[in-house]
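Chains as they are written, first to last, in the numbering used here: chain G, 1 to 259; chain U, 1 to 259; chain H, 1 to 259; chain L, 1 to 259; chain W, 1 to 259.
Note that these hints are calculated values from the structure, not bench results. Be aware that one or more of the hints could be misleading.
[Said to hold, decoys possible] Per the computed footprint, the stretches of chain L lying under chain G, defined by three or more beta-carbons under 8 Å from a beta-carbon of chain G, are: (1) 10-19; (2) 60-72.
[Stated by the list, open to error] To list a few chain U residues with every Cβ distance to chain G over 12 Å, as calculated: (3) 11; (4) 14; (5) 17; (6) 23; (7) 95; (8) 123; (9) 139; (10) 141; (11) 167; (12) 172; (13) 187; (14) 196; (15) 215; (16) 216; (17) 244.
C-beta atoms are modelled at their ideal positions from N, C-alpha and C, and glycine is treated no differently.
Now for the letters of each chain:
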Amino acid sequence: MLHQLFRIEWSALKLLEPPDAVEMLREFGDLLAKRAEPGEMGWSGAYRIAGGGIDVMLLHFRPDLEGLIQAGHEIQLSALGDFLSLEQEYISVVEMGLYALTATLAETVEPADREAWNSALDRELEGQREQSYIKKRLYPVQPEAMPYVCYYPMDKRRSSGQNWYTLSLQKRAALMSAHGSIGRQYAGRISQVISGSMGLADWEWAVTLWAPDPIEFKNIISEMRYDEASAEYADFGRFFVGKRMHPSEFGDLLAKEDA
Amino acid sequence: MLHQLFRIEWSALKLLEPPDAVEMLREFGDLLAKRAEPGEMGWSGAYRIAGGGIDVMLLHFRPDLEGLIQAGHEIQLSALGDFLSLEQEYISVVEMGLYALTATLAETVEPADREAWNSALDRELEGQREQSYIKKRLYPVQPEAMPYVCYYPMDKRRSSGQNWYTLSLQKRAALMSAHGSIGRQYAGRISQVISGSMGLADWEWAVTLWAPDPIEFKNIISEMRYDEASAEYADFGRFFVGKRMHPSEFGDLLAKEDA
Amino acid sequence: MLHQLFRIEWSALKLLEPPDAVEMLREFGDLLAKRAEPGEMGWSGAYRIAGGGIDVMLLHFRPDLEGLIQAGHEIQLSALGDFLSLEQEYISVVEMGLYALTATLAETVEPADREAWNSALDRELEGQREQSYIKKRLYPVQPEAMPYVCYYPMDKRRSSGQNWYTLSLQKRAALMSAHGSIGRQYAGRISQVISGSMGLADWEWAVTLWAPDPIEFKNIISEMRYDEASAEYADFGRFFVGKRMHPSEFGDLLAKEDA
Amino acid sequence: MLHQLFRIEWSALKLLEPPDAVEMLREFGDLLAKRAEPGEMGWSGAYRIAGGGIDVMLLHFRPDLEGLIQAGHEIQLSALGDFLSLEQEYISVVEMGLYALTATLAETVEPADREAWNSALDRELEGQREQSYIKKRLYPVQPEAMPYVCYYPMDKRRSSGQNWYTLSLQKRAALMSAHGSIGRQYAGRISQVISGSMGLADWEWAVTLWAPDPIEFKNIISEMRYDEASAEYADFGRFFVGKRMHPSEFGDLLAKEDA
Amino acid sequence: MLHQLFRIEWSALKLLEPPDAVEMLREFGDLLAKRAEPGEMGWSGAYRIAGGGIDVMLLHFRPDLEGLIQAGHEIQLSALGDFLSLEQEYISVVEMGLYALTATLAETVEPADREAWNSALDRELEGQREQSYIKKRLYPVQPEAMPYVCYYPMDKRRSSGQNWYTLSLQKRAALMSAHGSIGRQYAGRISQVISGSMGLADWEWAVTLWAPDPIEFKNIISEMRYDEASAEYADFGRFFVGKRMHPSEFGDLLAKEDA
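Use the sequences and the hints to build the structure in full.
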C-alpha cells in the first residue's frame, strides 16, 4: 500500500495554454481510471485533501513491492507528473488485527515457547486466510457510501514508563481489545485499514479511515484519545483529511466555480 | 474552519508592470469582498501578519469540508495566487466548550455507562443548539471593535506525569473551569474561537483570538500559562499575530507610505 | 520590537551591473539612516551577523503593531528587498523586569487576592512609568560604546520536575533575583533588552544584548547557565552574534578588502 | 561504506530529447556496471526505492575514505548527476559483532584493566581477521538470491532510565546475545550488514539488510522491537526499502510499461 | 573560529565553459592559499567532506569577530562563491580546558567566594598565557601528519536527572578528568580543538579533531561514549568527517579520475 501526498504547482499549470492544461489533467484522470476498480492487481484511488498544504492524495494498493514501485513510476512519467510536487510518500503492508487471535491462542499455547507458538499461529492464520473476513482486511475496498478519507501514521511509544513493547502480551491484548470495542461502535460509520510499516518506513503503522461524514474522523479519534492504548502509548504523525475524487474530476481542476 | 498563512512573493510581484500588479491585487480584494460578510455559507477574513515570516493570513469559515476545499481552490485559481506562497494551512471544526456542561451532567448520569451518558449528552446539546449562545460559538463572527487577531494550534500532553487524557473527567472539568475563569476576566477585551482538529490536522486544537488591542493577547496567554491546565498539560505550536485587512487594502500593498 | 534575520542573495546581486548594485545598496542604507536615530516613532538598527548562515539582522523598535508591520513592509518594497532572503523574523514587546517589584509587593498584598493585587501592581507601575529607569527599559537605546549584538529567544520549561510555571511566586522571585545578581556584575559590560512574546511568537521571550566586546556574551551566558533559573528552567533557541553597521556601510558590501 | 539516497528530477529529464535522455541513463548504468562486481577496491550497487520520496539508493563499499569521496565524486561528475537530487548521504564503517567475543574474553580478563584488555582483544581480533567469517562481514557481498534491500540508521539511547552506555558490559552482552538469537532465526532469509558511524555521521550505526522477500524486513524488525535491546535502548532513523537494479535497467527508466 | 559547510552546485558549475570553470576553481584555491599558513591574523583550511551531503568544509581561525565576518565575506564575493551553497555555518571561540586547573585551585580557594575565586583564576591564567601550552590551544595549528578532520557541535544536558549544570564543580572536574584520561591515550593519534559558543551559536561547544587515520575518530568517540561525562551528560549535533585539501586541489575538482 502506498500513500502519496501531492501539492499541485498551480502557477506552472496556469502558464500552459488552457486547452493543453485541461487535456493534461484529463489524461491523468484517464490513467487513474484504469486503476480505479479493485482487481487482482489492486487499485488506486485519488482524494482531494483539505488543509495541510496538500492538494491531492493518491492511494495505491498492489500485490507486491514491484507493483507499488511501478504505481509511483507511472505518476512520474505522466505529463501531469511534472506539475505534482511529492510532499510525502508512505509505504506499508495491510495488516489483520492479530491481538484478538493471539489472546485466544495464549490460553492453550505458551508464547515463550517460540516454536510451538509460531506453528500454532501459522495453522490458525492458514485456516483464516481462506475466510472472507481476512481477505477483506488484506485487500480493502473503499465503500461507495464512504467518500471521505482520513490518513495518519503512528507509533507505539518506547519511553520510560510508557513502553508498549515491554508490556506483556496479555496486557497488550487487553488494551487492544478495549481500543477495538470503541472502534466497533463506529461500525457502518467508519471503515478502517491498518497497515504496518516497521522496517519499511518512518512510522510503525499507517491508519486509513473512510467515512460517510468527515466529522466521524474527529469523533472516533477524540474518543480513542482517552483510551489507555492511545493516551499512554500512541505517538501520531500528521493527519490528513479529504474526499474521494472521481478520475473525471481532474479535468475540472482549473475551472472556476460560480460562488 | 481553515487557517491559511501566506508569504507574498514581493520580488516577483514587483517585476510586473505596476498597473497590472495593482489591478491583480484589487481583483484579489474583490474576490475576498464577496465573502467578507458572514452568511449562511460562512465568511472569509484577511489579516496582515506581523513577524513570523508571514505576510497575510486568510481565515475561512464554511458549513462543510467541500466549502473549505473550494475556499482554498478559489485562492489557488486567482491571479494573485501565483504570488502567494502557502507556508501553513490548518483545518479544524469550531467547538463549543463542553466541560461546564459535562461537569453538570456528571452529577446525575454515570459517564462510564456510555449509552446513558451519550443519550443524556445528546438531549442536552439538542436543546442548546437552538439557543443563541451556542450558535454564536459555532458560527463565530469577528467583532467590529476587535480588529486584531492571534492564532495558534495546541495539544494536551500525554507524557508520563503530565497526561491530560488519563485524568478523570472531574479533574479535567475542574481544571477547565479554573482556566475558563481567567478567560471570563477578559470578556469584552478578547473574543475567542476554539476549533478542534483531532483526526483532521497536526494539532488537537486551533485557538483564534480577536481583541481591540494586541497587547491583550500577550496578557491573557501570559496569565494562563501559570494556570495548571496550561502549565502542566498544554503544548503550543507557532503563534501568529496580526490585524484585520479590509479587502480594499490589498490594492495598496505595493504603495510606499511616506514615513 | 521586530528582529529580522536576512541572508543576502550575493550571486543575484553580483549579476547586476556594479554601479546599479552599489546604488541599490546605498539607497537601502539611506532608508535605514532615516530610522537610525531613536525618536518618538522608535528606531531601526542594522547588524552584520557572524556565522549562523545569516548576513544581516535588522532590529526595529516601534510604538505599536502597525509600526512594526510598516517597518517590515518598507524593507519588502525597497529595491534591495528582492535580494534579501528573510530567514527568521520575531515580534515581541519590550518588558520591564517585574520580579523585583512583585517580590516587594508580595510583602504587603496577597497575590491570590487578584483584585487587590492587580490594583496595587497598577498603582506601582503607574508611578514608575514616569521614572526614567522604566522609560529606558521600554524604549531602549543602543549605547554608542557597545557596538556588538547578541540575540536569542528563550522559554521557561514546563516539563515534569522542571516546571517554572508551577513554582510559587516567592520561589520564582528568588531565582530571578539570583539570576539578576549575575547580570548586575556585567553592568557597563552588557546592556540588556528583554522582550516578551507570549501570544505573539514561537518563544516566550527574546533577549537582545549589546556589549563593547563580543566575548562578554559568551562570558555572561556561560556564567548564567550554572545558575538555577537557567540550569533547570530555561530552553534556548538559536543564538546570533554580530556588530552594528552604520547605514553608510551598506554601500561597501560588494567591495573587496585588501587582505 | 556510503549510502546515497536520490530523488530523480523527472520533469527536467523529460525535457531532454528522448534519445539524449536514454543515452544519459545508459551511460550512468555503464558507470555503475564497472563497479558492480565486488573486488579489491570494493563495489557499488543501485536500488530502486519504494516510497519515502526516494527513487534510487546507491551503496558504495570502498577500502578507505578517499575511495568513498571518489565514489561520490564520480556520481557528481556524471551527466545524469545533474538530474539527481541527493536527499540523504551516510558514511559508516562495516563492523564485526564484538559482543559475543568480548563476553567470552571477559571471563578471563578484567575489562577495567584497560591495557590487559586491549592487548587480549587485539590478539583475538588478529587471529580472527584471517578467518573467512570476519572477512565476509567486513567486505560484505549481496547474495544473488536476496535482491531486496532495507536500510536505516540507529542509535542506542542515553536517556534517564534507558541508558545503554551506562549498562555493564555483561548486561550489554546478554542483551545483544538475546537480540542476536532472533537474528539467527532469520538465517537464509535475511543477510545483515552493521556499519558503525560514531564520530563520522549523525547516527551511531547504519543497518543494511538484504532478503529474498521484502516482507522479511517487516517480520524481523517487528519481532526485534519487542526484544529488550530494541524496546528499551534503540532509537531509529528513517527506514528505506527497495530492490536491486541491474545497471542496464537505468536505460529503461523513462520507458512506460504497458499496464 | 568559523566552520563553514558547503555543497558545491555541480550542475551549475558544469554549465560553464570548462576552461572558465577550472579558472574559477583555481582562483578560489589561490584565495585560500593566501590564508593557508598560520600567522598573526590566523589561517583558513579547506577539507573535502565524505558523506552528510556536504562537499567542502572551510575552517577559519581569526583573532576577532571582524576577522571572521571578513573571512566569510571573501568567500561570498569570490566568483566560486556563487556555486557554493552554505549548508551550515558555526562560530565559536577556541577554549583552554580549565577543569584540571580549577580542580587544583578549588583546593586552596573557595569557589563560592566569587571575588577571591575570580582573582585567583585570573592570576593563574595570566601566568599560563605566556606558556606555549596554552598558546598552542588558543591558536591551534593542524599537524602535517594529521590530514583527516572530524567536526561536531555538542551540548551538556540540563534535563531532569541528567543535568550537568547543577553538578558540583568537584563532580564536574572529576568527570572531565576521567574524560580527559581517555583523550590522553590518543596523544599522537588525535589532535583536538575545543571551541565554546555559548551566547554565540546554537550549541555550547564545537569539537574539531585531526588525525593521521580517520578510523581514530570512530575509535575515540566510541570509547568516550561509555564514559560518564558523555553517556549521561552529552548531546551531540551532526558529525562531519573529511580530509585536508591543498588549495591547489580545487583546480582539479571537475577532472574525472581514471578508475
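Going through the hints against the structure:
1. 10-19: Coverage by chain G holds for the stretch 10-19 of chain L (3 residues, Cβ < 8 Å).
2. 60-72: Contact hint for the stretch 60-72 of chain L vs chain G: violated, 0 residues under 8 Å.
3. 11: holds, 15 Å
4. 14: Given a closest Cβ separation of 16 Å, the condition holds.
5. 17: Non-interface label stands for residue 17 of chain U: nearest chain G Cβ at 18 Å, farther than 12 Å.
6. 23: holds, 17 Å
7. 95: violated, 9 Å
8. 123: Non-interface label stands for residue 123 of chain U: nearest chain G Cβ at 18 Å, farther than 12 Å.
9. 139: holds, 16 Å
10. 141: holds, 20 Å
11. 167: violated, 9 Å
12. 172: Non-interface label on residue 172 of chain U violated, nearest chain G Cβ at 10 Å vs cutoff 12 Å.
13. 187: The claim stands: residue 187 of chain U keeps its Cβ more than 12 Å from every Cβ of chain G (closest is about 28 Å).
14. 196: violated, 6 Å
15. 215: holds, 30 Å
16. 216: Its Cβ never comes within 12 Å of chain G, the nearest being 28 Å, so this holds.
17. 244: holds, 22 Å
When held up to the earlier numbered hints, the structure conflicts with 2, 7, 11, 12 and 14 and fits the remainder.
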